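Trainee: Following the hints, position chain B against chain A.
What follows is the residue order along each chain.
2 protein chains.
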Amino acid sequence: MTAPHPRLSINQATVKYAPLAEALRVTADAGITSIGLWRDSVQAASLPAAARLLADSGLRFSSLCRGGFFTVPEGHARRAAMDDNRKAIEEAAQLAASGAPGSAPVLVMVAGGLPQGSKDVAGARDMVQDALAELVPEAQAAGVTLALEPLHPMYASDRAVISTLKQALDLAAPFSPATVGVVVDTFHVWWDPELSAQIARAGAEGRIASYQVCDWATPLAADVLLSRHYPGDGVIDFARITAEVEAAGYAGDVEVEIFNQEIWDTAPATAVARTVEGFEATVAAHLGHGAEVRR
Amino acid sequence: MTAPHPRLSINQATVKYAPLAEALRVTADAGITSIGLWRDSVQAASLPAAARLLADSGLRFSSLCRGGFFTVPEGHARRAAMDDNRKAIEEAAQLAASGAPGSAPVLVMVAGGLPQGSKDVAGARDMVQDALAELVPEAQAAGVTLALEPLHPMYASDRAVISTLKQALDLAAPFSPATVGVVVDTFHVWWDPELSAQIARAGAEGRIASYQVCDWATPLAADVLLSRHYPGDGVIDFARITAEVEAAGYAGDVEVEIFNQEIWDTAPATAVARTVEGFEATVAAHLGHGAEVRR
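As you go down the protein sequences, you meet chains A and B in turn.
Count the first sequence with this note's numbering and you get residues 2 to 296, in order.
Count the second sequence with this note's numbering and you get residues 2 to 296, in order.
Rather than coming from a laboratory, the hints here were simulated on the basis of the structure.
There may be inaccurate statements among the hints.
Note: identical chains are not told apart, hence a pair may lie in one copy or across any two.
As the list claims (entries may be wrong) - Within a straight-line C-alpha distance of at most 20 Å, the following computed DMTMM-like cross-link-like pairs (lysine to aspartate or glutamate) qualify: (1) K17 with E263; (2) K88 with D131; (3) K88 with D238; (4) K120 with D238; (5) K17 with D30; (6) K120 with E281; (7) K120 with D234; (8) K88 with E139; (9) K17 with D127; (10) K120 with E195; (11) K17 with E195; (12) K88 with D224.
If you're wondering where the values come from, they're calculated on a predicted model, not measured in any experiment.
Extracted from the complex, chain A is given alone in its bound form (with noise of 0.2 Å):
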């Protein structure tokens, strides 16, 4: 087997079922060099045991998922959310401190829906703004980066008012680009006619924190949420996205993160495994071999 493109990294979700040690395992395991990790499993390992596991494993760290859920009205529940979001920039720092040299200090975030019984999606996504200008200050004293995602408009009610690259740069854009940017999503950004400008506009913004493939496939699944497919599985150009990304400037890891119970239902290295087959013959010819001195 020759070694999987050096930049390939696998977002934990991919394989949602391996507690931490394990993901790490059948990554390592497979020659990738590089993990995104979320929060939920870093926390049931406890923040200094994910560190060290990561340390040991010699892996580069690529993002965190995820922090935001900032459509909250101002109160109890949001000062909770904003707590939250600290606590998710201090574990961002850590974790990329303790993965391998390469590692990206950068916290996903998503906007979350609509408040509960409100129509106003105007007002949700000025509560993810203000909610961003908190953030920002504690998250550049920490030297993370909060990566904005926009997801696909079918999430806007429920999961994420920030539907369009051009949203995320837009609320992203009076910050720092070190401190905010952007998250290029295939599935979520595919569709859009306005991709290849904003992608464009993210690069020469320096905005482009993570760059993250699936594909997408009809029909649907039942819980839309679990229609991401292997990068070659579907409909998605990635030979020119990629090329895009790549063209925009972004050097840092490339995420494969699919959320598919059938994939969840397989071993985890068979998902990964899977995962860089797909990779290599869709992504990995679109790719240069990434900053020669990473972060």
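Mentor: Chain B alone, transformed into the frame defined by chain A:
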């Protein structure tokens, strides 16, 4: 019972299982004065018979659903699609001539998804542009407006590569607004951060050919096509969007078009009564009485 708002129109899909005669009857019986028809139902009755039934009903005709499905490479299949669209143009013209005064010669157009095996969404969009250019002279001669309907991005791969109002307006731009317009369907566009601006643009360009309303609620139905709800049963801000469409100068009928298995499983008269109730509570107050003199 007070009469429903004079601009309310029942889109026949809302009472999908009612044959044409019954759909016309339950609509008129509810005091509604307008209906949008579907081609399968018109053809099941035959076009001349459908036109007679419509004329006898005394209802206005607000649109024919639907033409389009243009994303087919050149060859027999594309020629068949174009011929079918020519037939749809004739049907729309004849039905509009048979409806009560104020009927609208509008043919709703759904673009079509990615061609089988293709990942080229930009190429598919070009196929839509080419097809429009081919059909415009015939639509113009027939006095029919081809109304491009952007569909929610969750249908981009299998149903409509036109996902936003901006895209639809850009596609329509080369043609006269009397011949190529757009549909604003709340279900498809409510999430769009550019919506207000694009509705205003559509109005300024004289392109709003149809305004359709139904609501968005989660979780989505297992078949995402069937996730539409009565106005008021979801999260869409009909007050805002309706006011924007009104301010943009749209003075035509407002169709309620709902695909929902539970609603289809109720008696048509019940579905119509519930439609009136939802429309009156959420949409009607934000509508004027329309053009004094209709087309």
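Trainee: For every hint, state whether the structure bears it out.
Mentor: Okay, the hints, checked on the actual structure:
no.	hint	in the structure
1	K17 with E263	within (11 Å within a copy, 34 Å between copies)
2	K88 with D131	within (18 Å within a copy, 54 Å between copies)
3	K88 with D238	neither (37 Å within a copy, 35 Å between copies)
4	K120 with D238	between (34 Å within a copy, 5 Å between copies)
5	K17 with D30	within (17 Å within a copy, 55 Å between copies)
6	K120 with E281	between (43 Å within a copy, 18 Å between copies)
7	K120 with D234	between (36 Å within a copy, 11 Å between copies)
8	K88 with E139	within (10 Å within a copy, 63 Å between copies)
9	K17 with D127	neither (32 Å within a copy, 40 Å between copies)
10	K120 with E195	between (26 Å within a copy, 16 Å between copies)
11	K17 with E195	neither (32 Å within a copy, 35 Å between copies)
12	K88 with D224	neither (30 Å within a copy, 38 Å between copies)
In this structure, the earlier hints numbered 3, 9, 11, 12 are contradicted, and the remaining ones agree with it.
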